[in-house]
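Colleague: Given next are the chains, with one letter for each unit.
2 protein chains.
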Amino acid sequence: MAPTDPTPRAATGSAPTIQDVADRAGVSKATVSRYLNRGGEQLSADVAARVAGAVRELGYSPSPMAQALKRGKSKLIGLVVADVCNSFSVAVLRGAEKACREAGYLVMLFNLGNDHVLEREAIRALSGYQVEGFILHTLGHDSAALADAARLGKPVVLIDRRIGDAQLDLVGLDNDAAVRLAAEHLAASGYTRLLFVTEPVRGVSSREQRARAFGHFVTERSPALAGSTFEAPAGDDAALDAALRDLQRDAGTAPFGVLAANAVISLRVAAAAARLGWALGRDIGLVGFDDPEWAPLVGPGLSAISQPTDDIGRIATSCLLERLRGVALPPRQILLPAALNARGSTRRG
Amino acid sequence: MAPTDPTPRAATGSAPTIQDVADRAGVSKATVSRYLNRGGEQLSADVAARVAGAVRELGYSPSPMAQALKRGKSKLIGLVVADVCNSFSVAVLRGAEKACREAGYLVMLFNLGNDHVLEREAIRALSGYQVEGFILHTLGHDSAALADAARLGKPVVLIDRRIGDAQLDLVGLDNDAAVRLAAEHLAASGYTRLLFVTEPVRGVSSREQRARAFGHFVTERSPALAGSTFEAPAGDDAALDAALRDLQRDAGTAPFGVLAANAVISLRVAAAAARLGWALGRDIGLVGFDDPEWAPLVGPGLSAISQPTDDIGRIATSCLLERLRGVALPPRQILLPAALNARGSTRRG
DNA sequence: TTGTACGCGTTATCAG
DNA sequence: CTGATAACGCGTACAA
Chain Y
519 MAPTDPTPRA ATGSAPTIQD VADRAGVSKA TVSRYLNRGG EQLSADVAAR VAGAVRELGY
579 SPSPMAQALK RGKSKLIGLV VADVCNSFSV AVLRGAEKAC REAGYLVMLF NLGNDHVLER
639 EAIRALSGYQ VEGFILHTLG HDSAALADAA RLGKPVVLID RRIGDAQLDL VGLDNDAAVR
699 LAAEHLAASG YTRLLFVTEP VRGVSSREQR ARAFGHFVTE RSPALAGSTF EAPAGDDAAL
759 DAALRDLQRD AGTAPFGVLA ANAVISLRVA AAAARLGWAL GRDIGLVGFD DPEWAPLVGP
819 GLSAISQPTD DIGRIATSCL LERLRGVALP PRQILLPAAL NARGSTRRG
Chain V
519 MAPTDPTPRA ATGSAPTIQD VADRAGVSKA TVSRYLNRGG EQLSADVAAR VAGAVRELGY
579 SPSPMAQALK RGKSKLIGLV VADVCNSFSV AVLRGAEKAC REAGYLVMLF NLGNDHVLER
639 EAIRALSGYQ VEGFILHTLG HDSAALADAA RLGKPVVLID RRIGDAQLDL VGLDNDAAVR
699 LAAEHLAASG YTRLLFVTEP VRGVSSREQR ARAFGHFVTE RSPALAGSTF EAPAGDDAAL
759 DAALRDLQRD AGTAPFGVLA ANAVISLRVA AAAARLGWAL GRDIGLVGFD DPEWAPLVGP
819 GLSAISQPTD DIGRIATSCL LERLRGVALP PRQILLPAAL NARGSTRRG
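First to last, the sequence lines map onto chains Y and V. Okay, so the first sequence: first residue is 519 according to the working numbering, each after it adds one. Okay, so the second sequence: first residue is 519 according to the working numbering, each after it adds one.
Take the hints with a grain of salt, since some may be wrong.
Which copy is meant is left open, so a pair is good if it fits within one copy or across any two.
[Stated by the list, open to error] Listed next, the in silico EDC-like pairs over lysine to aspartate or glutamate satisfying Cα-Cα at most 20 angstroms (straight line):
no., residue 1, residue 2
1, K616, E639
2, K616, D633
3, K588, D764
4, K593, E559
5, K616, D801
6, K593, E650
7, K593, D759
8, K591, E620
9, K616, D601
Just so you know, the hints here were simulated from the structure itself, not pulled from any lab data.
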């Protein structure tokens, strides 16, 4: 089968190296390397054919590790995610991973599990593996961690959330417009006493933006509209229930509604309404950010702001790839539009 | 600041190498390496201190890439997932990623997006980066792809689904018991005409097992119980509606119920019931596999079989780590128990 | 057009 | 206890 095999590498567990290919084709490593990288153009037809044959027969493929070590380029992209269990995160992750793969990059994933202490470790570990760039969807508590990445000259693209005051590319939702869209819809549906419920803001930029936008909206429409904001402590359902009861009390006879800052909060508010015996739509209006697949089935259907998650992931990736190609534009901020899916939770009567 | 700096590496973008540390400490690379790997024990106190200082001052940390090249061990684990958008997949992924990280491993993620053509590419790409082992949650259509991994002598742990007839470690749910638990619950709640709804089985082992277990159960309880199975084509809601109407017709006056094979199907069945104007619980019983966070809020609450996803991920990881340590047991099959969360969708009247 | 020699950052072997 | 030196698999000047 392999009569001219100088040093039989077959049957050994390890993968064939470029040297094996060279031996089998009767050429030098350099020739094989050239064939692989520049194509057969710069080689004589005879040699090219022999190398091609050897590559095929051995099932050779170069070691990305060794290539990374040599070139300094790893074809790896580091993806840090605040919480893989968050539907927004995975949806974006999905788009980004696909785009990376199609561009010949592999994704190294680091999940923070909402533990901000891990942020440093994440970008350290990842850059150890020579990832060429980062896509970050983090809590944004550790801007110092970013310094490391920046110092190493690796491009960074932020998703959804700004980190500290770092001047970096950011891909996310047009939160201002989205909040307006949602609040306007509540108002148009007749809910005039509004409560914006969010996870504790704690410096997360997108949460801040949404809360601020809500505040602006309410101020503009005052006094026809009234509204306030509530930061729901994680796990404390009683506090949330109390906030809703306050909303009801303050509203008096006016219809009242809630704008939930993300899917998790939407779920918690819906559950609270159920506890209080309130029917969504009839007794309380509800529209939430993020439009998960279960939205149509909660109560009379959950009205929701849907984000173009797939696009966000894809665009973040192409943004990063541009930087890798050396594009030296100033930091961009790409804000994508939201869409409203109106369902039963904002239909009164 | 650095008076004895032979070759100033500071201010250069690249990370410090072991050579930089050696120079700064006035020792050889080998010494630094020893200090790093075996600890300061085998070194004179003086040298150890100098090296330690240099490491700290330079903020040096070894390149996992170079280590991987040299040692053949990369501290990387390949994780292939059928679909990151599937709540079961992410939940398992979460557990596995955490366990890996705690063991000092990083996860390279490859998402198939339910495209079985990518299976080959996934394990090829991953093994190129010298991943030490694989955790696989795939469609299982390409057992040939596994051969590559096996041939390279890399351990593989399967999650939830068997692949071909490969004899490999498998961590998953005790599907037999789980199906019994669910079906028994439906029966005990008074639903005596049952339909098992699953995604197209197409050789996916866990789907097969669940369907088969359902068949067994029905046979055992016959004729008090009757049941059949329906494979819901993706995206074809009309077919699902029709299947449910058939169920109703065949049931006559007897209460009927559905056992959904996973969360996606649960959602589709719930939606179909809504289209047909049937109230969950009262008009149709429903219990589904997987217990996502939204289960309590769909209709009167969705009765669900919850899987210990976190444990599955964690155990799969430790299983793989054992193999990496060279444990040479025969292929194990670790089946975890399911739990039932009964809610409104199985309460008649 | 092809081969030789060296270096990427690390570890391991073998002297000293 | 420590220091040269040779790999690991690959790319690339430089030389032929």
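Colleague: Please name the hints from earlier in the document that this structure breaks, with their numbers sorted from lowest to highest.
Modeller: The structure conflicts with hints 3, 4, 5, 7, although it agrees with all the remaining ones.
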